[in-house]
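Chain by chain, the residues run as shown.
Number of protein chains: 2
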Amino acid sequence: MENFVFQNPTKIIFGKGTESQVGSEVSQYSKKVLFHYGGGSIKKSGLFDRVIASLTEAGIQYLELGGVKPNPRLSLVHEGIKLCRDNDIEFILAVGGGSVIDSAKAIAVGVPYDGDVWDFYVNKAVAEEALPIGTILTIPAAGSEASIGSVITNEDGWYKRPINYDMLRPKFSILNPALAFTLPKYQVACGAADIMAHIMERYFTNTKDVDLTDRLCEATLKTIINFVPVVLAEPDNYAAWAEIMWAGTVAHNDLLGTGRAEDWASHDIEHELSGIYDVAHGAGLAVIFPAWMKYVYQHDVKRFAQFATRVWNVDYSVWAPERAALEGIRRLEDFFRRIGLPTTLNDLGIVDDRFEEMASKATKSDTATLGGFVPLNQQDIVDILAMARG
Amino acid sequence: MENFVFQNPTKIIFGKGTESQVGSEVSQYSKKVLFHYGGGSIKKSGLFDRVIASLTEAGIQYLELGGVKPNPRLSLVHEGIKLCRDNDIEFILAVGGGSVIDSAKAIAVGVPYDGDVWDFYVNKAVAEEALPIGTILTIPAAGSEASIGSVITNEDGWYKRPINYDMLRPKFSILNPALAFTLPKYQVACGAADIMAHIMERYFTNTKDVDLTDRLCEATLKTIINFVPVVLAEPDNYAAWAEIMWAGTVAHNDLLGTGRAEDWASHDIEHELSGIYDVAHGAGLAVIFPAWMKYVYQHDVKRFAQFATRVWNVDYSVWAPERAALEGIRRLEDFFRRIGLPTTLNDLGIVDDRFEEMASKATKSDTATLGGFVPLNQQDIVDILAMARG
Chain A
1 MENFVFQNPT
11 KIIFGKGTES
21 QVGSEVSQYS
31 KKVLFHYGGG
41 SIKKSGLFDR
51 VIASLTEAGI
61 QYLELGGVKP
71 NPRLSLVHEG
81 IKLCRDNDIE
91 FILAVGGGSV
101 IDSAKAIAVG
111 VPYDGDVWDF
121 YVNKAVAEEA
131 LPIGTILTIP
141 AAGSEASIGS
151 VITNEDGWYK
161 RPINYDMLRP
171 KFSILNPALA
181 FTLPKYQVAC
191 GAADIMAHIM
201 ERYFTNTKDV
211 DLTDRLCEAT
221 LKTIINFVPV
231 VLAEPDNYAA
241 WAEIMWAGTV
251 AHNDLLGTGR
261 AEDWASHDIE
271 HELSGIYDVA
281 HGAGLAVIFP
291 AWMKYVYQHD
301 VKRFAQFATR
311 VWNVDYSVWA
321 PERAALEGIR
331 RLEDFFRRIG
341 LPTTLNDLGI
351 VDDRFEEMAS
361 KATKSDTATL
371 GGFVPLNQQD
381 IVDILAMARG
Chain B
1001 MENFVFQNPT
1011 KIIFGKGTES
1021 QVGSEVSQYS
1031 KKVLFHYGGG
1041 SIKKSGLFDR
1051 VIASLTEAGI
1061 QYLELGGVKP
1071 NPRLSLVHEG
1081 IKLCRDNDIE
1091 FILAVGGGSV
1101 IDSAKAIAVG
1111 VPYDGDVWDF
1121 YVNKAVAEEA
1131 LPIGTILTIP
1141 AAGSEASIGS
1151 VITNEDGWYK
1161 RPINYDMLRP
1171 KFSILNPALA
1181 FTLPKYQVAC
1191 GAADIMAHIM
1201 ERYFTNTKDV
1211 DLTDRLCEAT
1221 LKTIINFVPV
1231 VLAEPDNYAA
1241 WAEIMWAGTV
1251 AHNDLLGTGR
1261 AEDWASHDIE
1271 HELSGIYDVA
1281 HGAGLAVIFP
1291 AWMKYVYQHD
1301 VKRFAQFATR
1311 VWNVDYSVWA
1321 PERAALEGIR
1331 RLEDFFRRIG
1341 LPTTLNDLGI
1351 VDDRFEEMAS
1361 KATKSDTATL
1371 GGFVPLNQQD
1381 IVDILAMARG
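So the protein sequences, as listed, match chains A and B. Counting along the first sequence from 1, when you hit position 285 you're at 285 in our numbering, and nothing is skipped either side. Add 1000 to the 1-based position in the second sequence for our numbering, that's all there is to it.
Because the hints were derived from the structure by calculation, they are not lab data. Any given hint could turn out to be false.
Said to hold, decoys possible - Listed below are the simulated DSSO-like cross-link pairs for lysine-lysine, each with C-alpha atoms no more than 27 Å apart in a straight line: (1) B/K1294 with A/K11; (2) A/K32 with A/K171; (3) B/K1208 with B/K1016; (4) A/K171 with B/K1011; (5) A/K222 with B/K1208; (6) A/K11 with A/K31; (7) B/K1364 with B/K1294; (8) A/K222 with B/K1185; (9) A/K222 with B/K1302; (10) B/K1364 with A/K208; (11) A/K43 with A/K208; (12) A/K171 with B/K1171; (13) B/K1208 with A/K185; (14) A/K31 with A/K16; (15) A/K302 with B/K1011; (16) A/K16 with B/K1016; (17) A/K185 with A/K82; (18) B/K1208 with A/K208; (19) B/K1294 with A/K208; (20) A/K208 with B/K1031; (21) B/K1302 with A/K11; (22) B/K1364 with A/K11.
Said to hold, decoys possible - Some, not all, of what chain A presents toward chain B, calculated at C-beta under 10 Å: (23) Y29; (24) F48; (25) E218; (26) K364; (27) T367.
All residues carry an ideal CB built from backbone N, CA and C; glycine is no exception.
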């Protein structure tokens, strides 16, 4: 186990009806907020009105900024920054999924900065302060509700880039599993793939002696594997949604990575895919992750065999660990297909050959590599994309 | 799953040599601190000198208060409160195990209070503020390094009582697994029983649909079960100690109880045992917990069967779940014995029959009950103690 620092002060308010607490939570920080959201789904569901009612009851003024899209755009972030500055807004409330929360984080870190917020995403500048944010989560997937990260897409060149700062963890996140009842099935499945990828990016590590966190990872993965098929069949099963929603937060609040080197190559490759083709992040991960696994598993057959045995109940033979390792990857692919996800670029309808461009964008320079489990150069990434073709 | 709020802002600084960071951490809060510790072991090991060096380097003045005993005493807490008041001390640094940290928390909450701090422990008053504290942990056991709790023993009547306040979570806790190398084997085993009990008090719940936290509990229990025998055989095995130390914190930082009703009857009964007989808390738990299990398992055979199957790898027969349930309890007792713990009152040398007195102290009133899984009245507690006799 490596030395580590772990601190996650986000207040999680979890359960039925908890969105009614948003006003009193926000009022601890500001009496004037930006209410940031995506499309019309929160209006249709009535959530929008409930949030407004709670804010109003707490005497909080709000300005609205809707319109966040999946793979949230820099242009809307710029708009939000201007709105906050022009109106002396000091708190951002994000109501939605990871895209809305990531967009809110970008606005939060952009408001106090003189330059273009994109500077932080391309490592031209280091952020030193940010407005506080709070969230009401409607989609278990990105884990942004308790994470330090924000991923934004710059339409000028379709670059999709992350930043990570401790100060970006939300002050509070309200998680009501019932808000997920109305999600389209495909979005549920994409969220599941994203949650699983957050865990697997941490699981496949070269760090030795990480048994507790291995087991915590496996526990969280099994919860997703067991309950996603349940909510696909019964969209209003609160108990199953509660398991998935809490697992989605635990998967990415940094606990599962404590003391471990993490990888993140699959995420980085996928960011180029969804940046260029605007596919759903989770769908891209369901394609990239199995291909990455097949490409790297021989680097540590034992770890892949443990994954297969403990997560997928693969029968382990001490005489054939590689067989178990490969069977684990196969069951992951089967699972993705079972919940309705693509597992090849072909399934995504991506026939174009922009592999070199993606590899080059992902590594950022010709000599740089991606990931820690097996450092990947541009040719490796091209080979992984070719394996993902199907 | 029940609605819940989870927030744990304690900064965990984990790993080799991390005690050297104590000065810079403390200096974020105060330039004058109470350095609270137990016996001479931290002087023998050199830790005392390293802490002083780090504090001095950071320009921090300190007053010493050593002498904390297992089952920490109210009289020393009173002394600490007076020391802090007389010297305008605004931060308490606890260096030691759970007893030292619990004593520091009691001092922290006593300093700003006009009355006797014991008022909080007997629910005569509610605490509203506390000094901030930080810790350097030397014994993985109590989990106090990230918990809201403090347990103090009042020598006047040998009452052992807990308090729980969010504000008592340490600001930071430094966890260096190497500091545990020199622990006596019996203390290691007692710590293991305490950690396991913290998990099991949460695991045996009546709350339905808590699969994620069930699995996180099982993951953490298995880590203790796998690595405690390793450190008993190889006291300087850093990797194994790291698993145990992190598991000890995760066991009691409230994550594993999210969304679940908890029990705590075994802890409460044990507090009376160790209050009266001054036995080690972990040893008392190793006696009480299996007896409690045998007394209540029929209330939910499935849950005990799951515990047996997932934690102890008991072969499960769908035709005989009760056999699995009982086998799980048997394996827990076997494990406690294997690591050198008593499992009966007889083993502890307790032949005295003060069962009624303990039952009465534990429930506090004749009509009150203890615990949530199966609410226990005084006669139930007497029966459990009788089962524990051996």
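Hint check:
For the hint linking B/K1294 to A/K11, the alpha-carbon distance of about 38 Å lies beyond 27 Å, and the restraint is violated. Of the supplied pair hints, the one linking A/K32 and A/K171 holds, its CA atoms being roughly 16 Å apart against a limit of 27 Å. With a CA separation close to 41 Å, the supplied pair B/K1208 and B/K1016 exceeds the 27 Å bound. About 16 Å separates the Cα atoms of A/K171 and B/K1011, which keeps this hinted pair within 27 Å; it holds.
With a C-alpha separation of about 18 Å, the suggested pairing of A/K222 with B/K1208 holds against the 27 Å cut-off. For a cut-off of 27 Å, the pair hint linking A/K11 to A/K31 stands: about 19 Å separates their Cα positions. Our distance criterion of 27 Å between C-alpha atoms is met by B/K1364 and B/K1294, whose separation comes to about 24 Å. Under the criterion of a C-alpha separation no larger than 27 Å, the hint pairing A/K222 with B/K1185 is inconsistent with the structure, at around 35 Å.
With a C-alpha separation of about 20 Å, the suggested pair A/K222 and B/K1302 falls inside the 27 Å cut-off, and the hint holds. Restraint check for B/K1364 and A/K208: not satisfied, since their Cα atoms lie roughly 49 Å apart, outside the 27 Å limit. For the proposed pair A/K43 and A/K208, the alpha carbon gap of about 49 Å is over 27 Å, so the pair is violated. A distance of roughly 17 Å separates the Cα atoms of A/K171 and B/K1171; the hinted pair therefore holds under the 27 Å criterion.
The straight-line distance between the Cα atoms of B/K1208 and A/K185 is roughly 26 Å, inside the 27 Å bound, and the hint therefore holds. As the CA atoms of A/K31 and A/K16 are separated by approximately 25 Å, the hinted pair is consistent with the 27 Å bound. Among the hinted pairs, A/K302 with B/K1011 is inconsistent with the structure: their alpha-carbon atoms are about 33 Å apart, more than 27 Å. A C-alpha spacing of about 43 Å is found between A/K16 and B/K1016, which places the hinted pair above 27 Å, so the restraint is violated.
This hinted pair does not check out: A/K185 and A/K82 have alpha carbons roughly 36 Å apart, beyond 27 Å. For the proposed pair B/K1208 and A/K208, the alpha carbon gap of about 36 Å is over 27 Å, so the pair is violated. Restraint check for B/K1294 and A/K208: the C-alpha separation of about 39 Å exceeds 27 Å, so the hint is violated. With a CA separation close to 39 Å, the supplied pair A/K208 and B/K1031 exceeds the 27 Å bound.
As the CA atoms of B/K1302 and A/K11 are separated by approximately 33 Å, the hinted pair breaks the 27 Å bound. Straight-line distance between C-alpha atoms of B/K1364 and A/K11 comes to about 34 Å, which puts the hinted pair past the 27 Å bound. Look at A/Y29: its Cβ only gets to about 15 Å from chain B, farther than 10 Å, so that hint breaks. Taking 10 Å as the C-beta cut-off, the interface hint given for A/F48 is violated, the closest approach to chain B being about 22 Å.
With 10 Å as the threshold, the beta carbon of A/E218 comes within range of chain B, its nearest partner Cβ sitting at about 7 Å, so the hint holds. Interface hint at A/K364: violated, since its Cβ lies 31 Å from the closest Cβ of chain B, which is beyond the 10 Å cut-off. Given hint, A/T367 at the interface with chain B, is violated; its Cβ is 32 Å from that chain's nearest Cβ, farther than 10 Å.
In summary, the numbered hints that this structure violates are 1, 3, 8, 10, 11, 15, 16, 17, 18, 19, 20, 21, 22, 23, 24, 26, 27.
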